[in-house]
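Chain by chain, the residues:
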Amino acid sequence: MTLSRRTALTALLSLPLVLQTRAALATPESMQAALDDFTGGAPVTPGRVTLKIPLLVENGNSVPLSVSVDSPMTAEDHVEQIAIFNEINPLPDTARFHLGPRSGLAAVETRIRLNGSQTVHAVARMTDGSFWSATTDVIVTAPACREV
Amino acid sequence: MSVLINIPDSAAPGEIIEIKLLIQHPMETGFRTGPDGALVPRDIIESVTCLYLGEEVFRADLYPAITANPFVGFHLRADTTGEIEFIWTDNAGVTSREARTLTVA
Chain A
13 MTLSRRTALT ALLSLPLVLQ TRAALATPES MQAALDDFTG GAPVTPGRVT LKIPLLVENG
73 NSVPLSVSVD SPMTAEDHVE QIAIFNEINP LPDTARFHLG PRSGLAAVET RIRLNGSQTV
133 HAVARMTDGS FWSATTDVIV TAPACREV
Chain B
297 MSVLINIPDS AAPGEIIEIK LLIQHPMETG FRTGPDGALV PRDIIESVTC LYLGEEVFRA
357 DLYPAITANP FVGFHLRADT TGEIEFIWTD NAGVTSREAR TLTVA
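Protein chains in written order, with this note's numbering: chain A, 13 to 160; chain B, 297 to 401.
Treat the hints as calculated values from the structure; they're not laboratory data. One thing to keep in mind: the hints can contain errors.
As the list claims (entries may be wrong) - Calculated pairs, EDC-like style, for lysine to aspartate or glutamate (alpha carbon to alpha carbon, straight line, at most 20 Å):
1. B/K316 - B/E351
2. B/K316 - B/E379
3. A/K64 - B/E314
4. B/K316 - A/E121
5. B/K316 - B/E352
6. B/K316 - B/D305
As the list claims (entries may be wrong) - A short, non-exhaustive set of chain A residues, derived as facing chain B with CB atoms under 10 Å:
7. N73
8. L103
9. D105
10. T106
11. A107
12. H110
13. P113
14. S115
15. G116
16. V120
17. E121
18. R123
19. I124
20. L126
21. N127
Unchecked claim - Residues from chain A that face chain B, not an exhaustive set, calculated with beta carbons under 7 Å:
22. S74
23. P102
24. F109
25. G112
26. R114
27. A119
28. T122
29. R125
Where a beta carbon is used, it is the ideal one built from N, C-alpha and C, also for glycine.
Generate coordinates for the entire structure from the input sequences, incorporating the hints supplied.
In structure tokens, the structure reads:
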């Protein structure tokens, strides 16, 4: 059997279809859905949250991240939850932290995986039901999740 | 399962202390394929809880986007001498527990 030009072209054109059958990744839209799930559709105001994450990441398998929220952390007025979202990992949810007045300081840190350059979102829920957020654009040179 | 807990032994009343946890765990995402081409089953820690005098003071819900050997840092206001307990649970429901005593004076 010889490889005709037609067969070769067909094979070449169907290649993207084969690659697309891999696991679906999160999109900014599915991230928005996860965010709405967290807020219950309430408005999110930028501010009061500080998100510290490197702007240029060499290794997406381990990215240090710290979030602090401007709050007195008293019994009446404190941060209840801090949620981290990403746009293009397989899942938009990254981490959720449940705090209380015993925390004393609304500051948490962890290390996350990032599957490519994207915007990372941190959203905090206060006792009064308001939501505050911070976002950072991160450039990742070696993404996580790509190795087999 | 090995864990590193960074926490002071003692604190002044009302002092805010920092607690850092580093838990040894593969945090297998469930999205990767193994050498046979099949998906490697998910194996992650789903929650890390801190109890102070038996009361929950902090909890972290972790997802596959958290690195292998998850690291979690948070704060706590010290007011009474007592036991600080750390409990973490993986997606198979296996729970591990570790405790430290904090002296407040």
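Quick rundown of the hints versus the structure:
| no. | hint | result |
| --- | --- | --- |
| 1 | B/K316 - B/E351 | holds, 19 Å |
| 2 | B/K316 - B/E379 | holds, 16 Å |
| 3 | A/K64 - B/E314 | holds, 17 Å |
| 4 | B/K316 - A/E121 | holds, 9 Å |
| 5 | B/K316 - B/E352 | holds, 16 Å |
| 6 | B/K316 - B/D305 | holds, 13 Å |
| 7 | N73 | holds, 6 Å |
| 8 | L103 | holds, 6 Å |
| 9 | D105 | holds, 5 Å |
| 10 | T106 | holds, 4 Å |
| 11 | A107 | holds, 6 Å |
| 12 | H110 | holds, 4 Å |
| 13 | P113 | holds, 8 Å |
| 14 | S115 | holds, 5 Å |
| 15 | G116 | holds, 3 Å |
| 16 | V120 | holds, 5 Å |
| 17 | E121 | holds, 4 Å |
| 18 | R123 | holds, 4 Å |
| 19 | I124 | holds, 5 Å |
| 20 | L126 | holds, 8 Å |
| 21 | N127 | holds, 8 Å |
| 22 | S74 | holds, 5 Å |
| 23 | P102 | holds, 5 Å |
| 24 | F109 | holds, 5 Å |
| 25 | G112 | holds, 6 Å |
| 26 | R114 | holds, 4 Å |
| 27 | A119 | holds, 6 Å |
| 28 | T122 | holds, 5 Å |
| 29 | R125 | holds, 5 Å |
In summary, this structure violates none of the numbered hints.
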